[in-house]
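Visitor: One-letter residues, chain by chain:
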Amino acid sequence: MEYFAIIISAIFVNNILLAQFLGICPFLGVSNKISTATGMSGAVCFVITLATLVTYLINQYLLVPFGLEFLQTIAFILVIASLVQIVEIVLKKISPSLYQALGIFLPLITTNCAVLGVAITVVTKEFTFGGTAHMLNLGQAMVYALATSVGYGIAMILFAGLREHLAGNEVPKPFRGLPIALITVSMMAMAFLGFSGMV
Amino acid sequence: MGKKMSLILDGFVKNNPTFVLVLGMCPTLATTTSAINGLEMGLATLFVLVLSNIAISLLAPIVPDKVHIPVYIVVIATFVTVLQLVMQAYTPGAYTTLGLFIPLIVVNCIVLGRAEAFANKNGVLDSALDGLGVGLGFTLSLTVIGIIREILGSGSVFGWKFIPGDGILAFVMAPGAFLVLGYLMVLFNKYLKK
Numbered sequence: 001m002e003y004f005a006i007i008i009s010a011i012f013v014n015n016i017l018l019a020q021f022l023g024i025c026p027f028l029g030v031s032n033k034i035s036t037a038t039g040m041s042g043a044v045c046f047v048i049t050l051a052t053l054v055t056y057l058i059n060q061y062l063l064v065p066f067g068l069e070f071l072q073t074i075a076f077i078l079v080i081a082s083l084v085q086i087v088e089i090v091l092k093k094i095s096p097s098l099y100q101a102l103g104i105f106l107p108l109i110t111t112n113c114a115v116l117g118v119a120i121t122v123v124t125k126e127f128t129f130g131g132t133a134h135m136l137n138l139g140q141a142m143v144y145a146l147a148t149s150v151g152y153g154i155a156m157i158l159f160a161g162l163r164e165h166l167a168g169n170e171v172p173k174p175f176r177g178l179p180i181a182l183i184t185v186s187m188m189a190m191a192f193l194g195f196s197g198m199v
Numbered sequence: 001m002g003k004k005m006s007l008i009l010d011g012f013v014k015n016n017p018t019f020v021l022v023l024g025m026c027p028t029l030a031t032t033t034s035a036i037n038g039l040e041m042g043l044a045t046l047f048v049l050v051l052s053n054i055a056i057s058l059l060a061p062i063v064p065d066k067v068h069i070p071v072y073i074v075v076i077a078t079f080v081t082v083l084q085l086v087m088q089a090y091t092p093g094a095y096t097t098l099g100l101f102i103p104l105i106v107v108n109c110i111v112l113g114r115a116e117a118f119a120n121k122n123g124v125l126d127s128a129l130d131g132l133g134v135g136l137g138f139t140l141s142l143t144v145i146g147i148i149r150e151i152l153g154s155g156s157v158f159g160w161k162f163i164p165g166d167g168i169l170a171f172v173m174a175p176g177a178f179l180v181l182g183y184l185m186v187l188f189n190k191y192l193k194k
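So the sequences go chain by chain: C and P. Start counting the first sequence at 1; every next residue gets the next number (the numbering used here). Start counting the second sequence at 1; every next residue gets the next number (the numbering used here).
If you are wondering where the hints come from, they were derived from the structure by calculation, not from laboratory data. Backbone N, C-alpha and C fix where the C-beta goes; we use that ideal spot for every residue, glycine too. A portion of the hints provided could be inaccurate.
One-sided and incomplete, this derived list gives chain P residues near chain C with beta-carbon spacing under 7 Å [claimed, not checked]:
# : residue
1 : L21
2 : M25
3 : C26
Here are the computed distance ranges between Cβ atoms for each label pair [as the list claims (entries may be wrong)]:
#  : chain 1 : residue 1 : chain 2 : residue 2 : range
4  : C       : L57       : P       : A117      : 52 to 62 Å
5  : P       : F162      : C       : I86       : 16 to 26 Å
6  : C       : G67       : P       : D166      : 20 to 30 Å
7  : C       : H165      : P       : D166      : 41 to 51 Å
8  : C       : K125      : P       : A117      : 29 to 39 Å
9  : P       : V63       : C       : I94       : 25 to 35 Å
10 : P       : T91       : C       : G67       : 19 to 29 Å
11 : P       : D10       : C       : G194      : 34 to 44 Å
12 : P       : Y191      : C       : L108      : 49 to 59 Å
Facing chain P, a subset of chain C residues (Cβ under 8 Å, in silico) [to be verified]:
#  : residue
13 : I7
14 : A19
15 : L78
16 : V79
17 : L83
18 : S95
19 : P96
20 : C113
21 : T121
22 : L166
23 : G168
24 : N169
25 : M190
26 : G194
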């Protein structure tokens, strides 16, 4: 039940893009076509889940025992940057087709604040799923990370679909490009507000 | 002197990080629920931007080209950690409100962007001024967005309430952030961009 609450909350109620504003730059940057949006979402999903696992363990078994929590920011960003590099090298070797599909998006993910954001959130924020406020354990942190990145993918692909339609319409000149996209996102965020209070 | 001055002024309109370069959208949208939050976030970014620009302009000649991005990220992350400790000590209120978005300055594209585009090929003074200009431009944009959202959302400016009753709640919440930024960009495109 608790896992269910985490999943619904992370995907819909506190959608990472539309309610928490993390990872907006790539969201606006690569959402012109559904195919690129899908590729980016896949890559983000993969990296967020993996990075959360590694940073959670590092925090738990390296930083906390030695009282080095203040190094979280530096340690996490280094871990994420090297992780992205390793993933890139490994993928190239074992699955060239997946590498082809995710290839160009992987280097961009280091500076995607959604990855660092989720990694920091799961080790610092207290959650209230199931009545009492508590920190997430490893299993819950992984479910949270996975559900959050699924929410990222859903919002991204939905928005790419809307944006493909926008491209074919006559829009007043000052609105062209980003402004009309932002106004569209605003409408989407308004729709997602309808989920609030569900969990 | 004119050249030094224009380094600062460029950050406001010509190189405005929010409306022209469209960088650092996450803190722009998330922390502008009120004017004071926007201002604080802008100043926090300004702090990191100026210091990292200075450090990187000094380090750039001795850093091997192959590893320059990781080195810059570590430099930026160090200053962000300094900022976190300073804010925890002197402005704990702001540190709590801005929360996650303080450590996330590390991945703010503006900071790394200025390091790559300016600080690594210019002198210390010019880089500091560039950081100051872009940082002030960012602070200004965030404060303006914050003022508008605070007026519409809660009928006040910098906490001074002049419209009685509840505001339009949506402007304090997520949709309002996107909407205000979208319309401000429209106005910027129409009147200020040449």
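Visitor: It remains to establish, for every hint, whether it holds in the given structure.
Guide: We went through each hint and held it up to the structure:
A cut of 7 Å between beta carbons decides the hint on P/L21: the least distance to chain C is about 11 Å, and the hint is violated. Because the smallest distance between the Cβ of P/M25 and any Cβ of chain C comes to about 4 Å, under 7 Å, the interface hint for this residue holds. Taking 7 Å as the C-beta cut-off, the interface hint given for P/C26 holds, the closest approach to chain C being about 5 Å. The supplied range of 52 to 62 Å is broken by C/L57 and P/A117, whose beta-carbon atoms lie about 36 Å from each other.
The supplied range of 16 to 26 Å is broken by P/F162 and C/I86, whose beta-carbon atoms lie about 55 Å from each other. Distance hint for C/G67 and P/D166: a CB-CB separation of about 45 Å, inconsistent with the stated range 20 to 30 Å. The hinted range of 41 to 51 Å is not satisfied by C/H165 and P/D166, whose Cβ atoms lie roughly 35 Å apart. One distance hint, 29 to 39 Å for the beta-carbon pair C/K125 and P/A117, holds here, with the actual separation near 34 Å.
Taking the beta carbon of each, P/V63 and C/I94 are about 33 Å apart, inside 25 to 35 Å as hinted. Between P/T91 and C/G67 the Cβ separation comes to about 24 Å, which falls inside the hinted range of 19 to 29 Å. A C-beta distance of roughly 43 Å is found between P/D10 and C/G194, which places it inside the suggested range of 34 to 44 Å. P/Y191 and C/L108 have their C-beta atoms about 33 Å apart, which leaves the hinted 49 to 59 Å range violated.
The closest approach between the C-beta of C/I7 and any C-beta of chain P is roughly 20 Å, which is over the 8 Å cut-off, so the hint fails. With its C-beta approaching chain P no nearer than about 5 Å, C/A19 sits inside the 8 Å limit, and its interface hint holds. Evaluation of the C/L78 hint against chain P yields a held restraint, the C-beta minimum of about 7 Å falling below 8 Å. Because the smallest distance between the Cβ of C/V79 and any Cβ of chain P comes to about 11 Å, over 8 Å, the interface hint for this residue is violated.
Among the interface hints, the one on C/L83 is violated; its C-beta lies about 13 Å from the nearest C-beta in chain P, farther than the 8 Å criterion. Nearest Cβ of chain P to the Cβ of C/S95: about 26 Å, over the 8 Å cut. The hint is violated. Among the interface hints, the one on C/P96 is violated; its C-beta lies about 25 Å from the nearest C-beta in chain P, farther than the 8 Å criterion. Taking 8 Å as the C-beta contact cut-off toward chain P, the hint placing C/C113 at the interface holds, the least distance being around 4 Å.
For C/T121, the suggested interface contact is upheld, since its CB lies about 6 Å from the closest CB of chain P, less than 8 Å. A hinted interface residue such as C/L166 counts as satisfied when its beta carbon comes closer than 8 Å to some beta carbon of chain P; here the least separation is about 13 Å, so the hint is violated. For C/G168, the shortest C-beta to C-beta distance to chain P is roughly 20 Å, which exceeds 8 Å, and the interface hint is violated. Taking 8 Å as the C-beta contact cut-off toward chain P, the hint placing C/N169 at the interface is violated, the least distance being around 16 Å.
The criterion of a C-beta within 8 Å of any C-beta in chain P is met by C/M190, whose closest approach is roughly 4 Å, and the hint holds. For C/G194, the interface hint is violated, since its Cβ never comes within 8 Å of a Cβ in chain P; the closest pair sits about 11 Å apart.
The structure shown violates the earlier hints numbered 1, 4, 5, 6, 7, 12, 13, 16, 17, 18, 19, 22, 23, 24, 26.
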